[in-house]
Amino acid sequence: MLLTIDTRDPRPIYQQVADGIKELIAQGELKAGTPLPPVRQLAADLGVNLNTIATAYRELQKDGLLSVKHGSGSVVASRTAAERSEGELLRPLRTALTQLVLAGLPSNEILDIVARELRTVTKGNE
Amino acid sequence: MSETQFVVIFYLFLWSASRIRGCFRRWRQPLLRGPEWFFSVRVQPDFYSGPGRKILHHYRIRMLMTVAVEIPIATAIFITGHLMYLAGLVVGMGVLVHINHAFNVDRAERQARKFAVPEAEQPVALVNLSLKTRRLSDYSNRQVERVIVFSTILVVAWLIRYYMAAPEHHDLRLVFGFPAFLLYAQAGLLLIKYMVVAWRSPVPQVQAEEHMEAREEARKLYLKCCDVCRVLYAGILVLWPIMLKSSPANRDRFSKMYLIALLVIGVALAIWQEIKRRQVLAVALRARPVKLPDLMAQSGAVRWPLCYQPSAPMLVLKGARGYSVNLANTLAQLTVAYLVGFGLLMVVLRT
Numbered sequence: 001m002l003l004t005i006d007t008r009d010p011r012p013i014y015q016q017v018a019d020g021i022k023e024l025i026a027q028g029e030l031k032a033g034t035p036l037p038p039v040r041q042l043a044a045d046l047g048v049n050l051n052t053i054a055t056a057y058r059e060l061q062k063d064g065l066l067s068v069k070h071g072s073g074s075v076v077a078s079r080t081a082a083e084r085s086e087g088e089l090l091r092p093l094r095t096a097l098t099q100l101v102l103a104g105l106p107s108n109e110i111l112d113i114v115a116r117e118l119r120t121v122t123k124g125n126e
Numbered sequence: 001m002s003e004t005q006f007v008v009i010f011y012l013f014l015w016s017a018s019r020i021r022g023c024f025r026r027w028r029q030p031l032l033r034g035p036e037w038f039f040s041v042r043v044q045p046d047f048y049s050g051p052g053r054k055i056l057h058h059y060r061i062r063m064l065m066t067v068a069v070e071i072p073i074a075t076a077i078f079i080t081g082h083l084m085y086l087a088g089l090v091v092g093m094g095v096l097v098h099i100n101h102a103f104n105v106d107r108a109e110r111q112a113r114k115f116a117v118p119e120a121e122q123p124v125a126l127v128n129l130s131l132k133t134r135r136l137s138d139y140s141n142r143q144v145e146r147v148i149v150f151s152t153i154l155v156v157a158w159l160i161r162y163y164m165a166a167p168e169h170h171d172l173r174l175v176f177g178f179p180a181f182l183l184y185a186q187a188g189l190l191l192i193k194y195m196v197v198a199w200r201s202p203v204p205q206v207q208a209e210e211h212m213e214a215r216e217e218a219r220k221l222y223l224k225c226c227d228v229c230r231v232l233y234a235g236i237l238v239l240w241p242i243m244l245k246s247s248p249a250n251r252d253r254f255s256k257m258y259l260i261a262l263l264v265i266g267v268a269l270a271i272w273q274e275i276k277r278r279q280v281l282a283v284a285l286r287a288r289p290v291k292l293p294d295l296m297a298q299s300g301a302v303r304w305p306l307c308y309q310p311s312a313p314m315l316v317l318k319g320a321r322g323y324s325v326n327l328a329n330t331l332a333q334l335t336v337a338y339l340v341g342f343g344l345l346m347v348v349l350r351t
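Protein sequences appear in the order of chains A and B.
With the working numbering as the guide, the letters of the first sequence map in order to residues 1 to 126.
With the working numbering as the guide, the letters of the second sequence map in order to residues 1 to 351.
Only chain A is shown next, with the shape it has when bound in the complex:
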């Protein structure tokens, strides 16, 4: 259950933290009900501002992936709680596909990439 932060990544650290936790949830490494470290602890461990981790947790909470219980901290929410509309889910996929098409990749190669990435993301669930 390791979160990777890349200082060369143009994404801000809070985004990397949120995306990293999302990936771990998608891979099945972080299962529903698993407690996450408190904001203060994670910020201290990483050596970043409290707001950085608080923003990441807020984003996860907004996406329905994290539920905050007062007194017992944050836990990974069940998948049913994270249900979102199809349009909302398809938007980032469409953006990513547009990027690949604009990069000049042929459709069959894009399909290969999507299949490969899907296998990587769901490897823990199979």
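Derived from the structure by calculation, the hints contain no laboratory data.
One thing to keep in mind: the hints can contain errors.
[Claimed, not checked] Away from chain B, derived, C-beta distances all over 10 Å, residues of chain A:
(1) 8
(2) 28
(3) 87
(4) 91
(5) 120
(6) 121
[Unchecked claim] Stretch by stretch, here's where chain B covers chain A in the computed footprint (C-beta under 8 Å, at least three residues):
(7) 11–25
(8) 48–57
(9) 97–108
[To be verified] No more than 20 Å apart at the CA atoms, straight line, and that leaves these computed lysine to aspartate or glutamate pairs for EDC-like:
(10) 132(B) with 210(B)
(11) 291(B) with 19(A)
(12) 193(B) with 138(B)
(13) 291(B) with 29(A)
(14) 132(B) with 23(A)
(15) 132(B) with 88(A)
(16) 132(B) with 19(A)
(17) 224(B) with 294(B)
(18) 245(B) with 168(B)
(19) 22(A) with 86(A)
(20) 291(B) with 252(B)
(21) 62(A) with 88(A)
Note that the structure is a prediction, hence the values are computed from the model and not measured.
Here a beta-carbon is modelled for each residue, glycine too, at the ideal position from N, C-alpha and C.
Since the structure of chain A is already known, use the hints to place chain B on it.
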């Protein structure tokens, strides 16, 4: 053999077991990874024949300064005959030696970085961080905790009963003073344990497992040392009612036996600690040191040994001139409260 002679023997034992051993260990520490390293700084091949010689020499002089402080104080205590102050000296010097070492290593490493291999000085880009929640209870032996709590409750209950049976015949401070000191020391050790559990930082993606194992082994050793001290304090507390109840002649004999037992336990613990320390060192040497990125620009944020940074959740920040304790951190505030409380307890016990 009188009690004071025992105190002297105990102090000399501590001196040889702790100070001399510590000096040997710290003397060799910069070169533990081989001649291409100075602590965790990878230095150029000619470092030790050039500027490194002076840096190493200064590091060793600064390390020995604590000995130069301790010897005159200990001599003064021996000459004036206030041998009970030796216990305070041992505790005070223990703290001073560790603080001095932390600042000394940091300073020496900063000096050595000017002569480091340039590519080794680049902070790593990829860092890993464990998402496992860590609590004090995860590192506590429930059996040991039960024994400590149960024995403490029993002793306190016995002392209250003993005092209440004839309050006019017992000195309140004599009955409860020493146990109060031991319980306060227990609380201090719990605070240290809490700090050790909280101590964590990211590890580089390269050799992540080795770095994590090294940190975990070091953490476990520190926590075990704290627990051993706590068990020892609990044992001393259990013996206190026996001391109170015994006749003056028996008490004298008993205190001698007690000091001998302490000396034997001290020797055994020193050997155990040395064996464990070597095991931890072997694990630590497997992880190659790297420079981690400063994600919060701490070096620009702090300048003094003490700072107040509410947005930074860390207890210790690494500034441009060395370490800085963040007084906005809860653990720092608890430590300050603990030290103030300790001062007040000493005043109450003395008056």
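Hint check:
no., hint, result
1, 8, "violated, 5 Å"
2, 28, "holds, 14 Å"
3, 87, "holds, 31 Å"
4, 91, "holds, 28 Å"
5, 120, "holds, 17 Å"
6, 121, "holds, 18 Å"
7, 11–25, "holds (count 3)"
8, 48–57, "holds (count 4)"
9, 97–108, "violated (count 0)"
10, 132(B) with 210(B), "holds, 17 Å"
11, 291(B) with 19(A), "violated, 25 Å"
12, 193(B) with 138(B), "holds, 12 Å"
13, 291(B) with 29(A), "violated, 29 Å"
14, 132(B) with 23(A), "holds, 16 Å"
15, 132(B) with 88(A), "violated, 31 Å"
16, 132(B) with 19(A), "holds, 17 Å"
17, 224(B) with 294(B), "violated, 31 Å"
18, 245(B) with 168(B), "holds, 16 Å"
19, 22(A) with 86(A), "holds, 18 Å"
20, 291(B) with 252(B), "violated, 57 Å"
21, 62(A) with 88(A), "holds, 13 Å"
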